[in-house]
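Here's the letter readout for the chains.
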Amino acid sequence: MDNVIRARTPAARAWRLLLHLVLILAALWYLLPLAVMVLTSLKPLDEIGAGSLLTLPDNPTLAPWLKAWGSACTGMRCDGVSGYFWNSFAIVIPAVVIATLIGALNGYALTKWRFKGAELVFAMMLFGCFIPFQVILLPMAQTLGWLGLSSSRLGLIFVHVVFGIAFTTLFFRNFYVSIPDELVSAAKLDGAGFFRIFWRILLPVSKPIIVVSVIWQFTQIWNDFLFGVAFSGHDTQPVTVALNNLVNTSTGVKEYNVDMAAAMIAALPTLVVYVLAGKYFVRGLTAGSVKG
Amino acid sequence: MKSVSTSGDAARPVGVAVSRPSVAGHLQAWLPKLVLAPSVVISLCFVYGFMLWTFILSLTDSRMLPNYDFVGFAQYARLMNNERWWVAATNLGVFGALFVGLCLVLGAGLAILLDQRIRREGVLRTLYLYPMALSFIVTGVVWKWLLNPGLGIQSMVRGWGFESFTFDWLVDPNMAVYTLVIAAVWQASGFVMALFLAGLRGIDDSILKAAQLDGASLPRVYWRVVMPCLRPVVFSAVMILSHIAIKSFDLVVALTGGGPGYSSDLPATFMYAHAFTRAQIGMGSASAILMLGGVLAILVPYLYSELRSRRHG
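So the sequences go chain by chain: W and H. Number 140 in numbering that gives the first Met the number 0 belongs to position 141 of the first sequence; there are no gaps in the numbering. Number 85 in numbering that gives the first Met the number 0 belongs to position 86 of the second sequence; there are no gaps in the numbering.
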């Protein structure tokens, strides 16, 4: 690349300094809310009124975290967000596994066993990635009632799988398209069947796309609020719904430190995933857009 | 769907010309379709069927519970005469335009700056992008705290000695919708940066060199040569961002709750409020169908170009 500003002349050096300054300022703007969130969550309540957003806590305390976890009020009940935190895991894990498995098989069938109309089937399913979910909320609520799944974790898992399949199919289909067909044809000549070819040839090379799909589904479902608030009951709420209830429960003094600690608890799992597997996270975000 | 005897040809893996007329062979030929069938059925029922169902509900006078007394397009007419709907729709226009525009400018700008061989690029990129991993509820809760006039940014700046500094958009009915823009841009602009950076890395260096040999200045090279190459990226980003804007629900709930009053309502919160809490299922369905219309207006050109480029690529 020769289109970079090189530090040859004093003017260019000044430009480069400015460039770094702008980039660092931008980083600070992205960091500010996280920093405030962490600082506030570690302050006792009396320091919040006295100090300002960015003052360091004089007497750092984990009490807000413990309260958010175990005893803060979320609506009627006052036992913190811990139960809802585990609810989220209980919903996310099966939903991710099932949607990824189905997506992998769909992608495989669509690319390696092409049949007339496969493109049409794919386009039809792809559409599910894009609908505003408001348009299915009411029928889904009624259908879950008929299936006896209203307000249950199973119902939420079902909904997330149903609307996750479109994305996972997209991921795997686009990945398997780039795997040479010759490998499959050769195995087919040797008499290997549908599942055998999938198990022996496609699955071993699928690791990157499995990671992308799992991370994408995990963050999507963990961060979901709409389905959570529409289809869950008091005991089966995911942590995002509990967080919103906690923040909006007004009993006595507003405990901002507890709010921020609860927000951190709700944010940590996806943040950890992002830090550990950022590369795959970006790939998931861009898979449906630039890659095509 | 084709019959068994002919689908043996159609469902063969590419490049294989042997077909076995045994039972097992037939089963093998059908397996791919069998595997896809549940997903197709799910898609037909839960996406297309439910859309139709919501449309049907929007033609009824359902209130607390769905009923099927048809009233034609009366709910749409009611919607058109509903002030709150117009506030929500106008807000979506303002929010959507600012959100998409600012994300594009910030994202493209940061990507171009980051592309200048910055030593700590990886760290900066990570910092720019992490908000995208958060839930919109978390984002809303944090920004509600930052924008809280009593204890947030306003009070911090006043504490620095600027006594008359005012930043109370969160409680100002005319400005509350802009707080949504701030939080949403904070969350999504890093993602747009990542899109642009990937696009920039994909541009052939020789084009840039040629332009520079012709004596074009650096900003000019970017504007006239690089940006046109990034047209597909801009296109994708606009699609994805406008899609996020139309679906925005959690952010509004967590940050402004649609308020003060209903001044920062968006169609997504309008729909939810009417369908689930205000016992106006008919009108709520009508608003959902209009949202779908909005998404389709953006989506159809996008899918068209996606599928076309796939065919050519």
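Hints in this document: simulated from the structure, not taken from any laboratory. One or more of the hints may lead you astray.
As the list claims (entries may be wrong) - Below 27 Å or equal to it, Euclidean Cα-Cα: the simulated DSS-like pairs (lysine-lysine) are:
id : chain 1 : residue 1 : chain 2 : residue 2
1  : H       : K32       : W       : K206
2  : W       : K206      : W       : K66
3  : W       : K206      : W       : K278
4  : H       : K32       : W       : K115
Original post:
Which earlier hints can't be squared with this structure?
Top reply: Violated: hint 2 alone.
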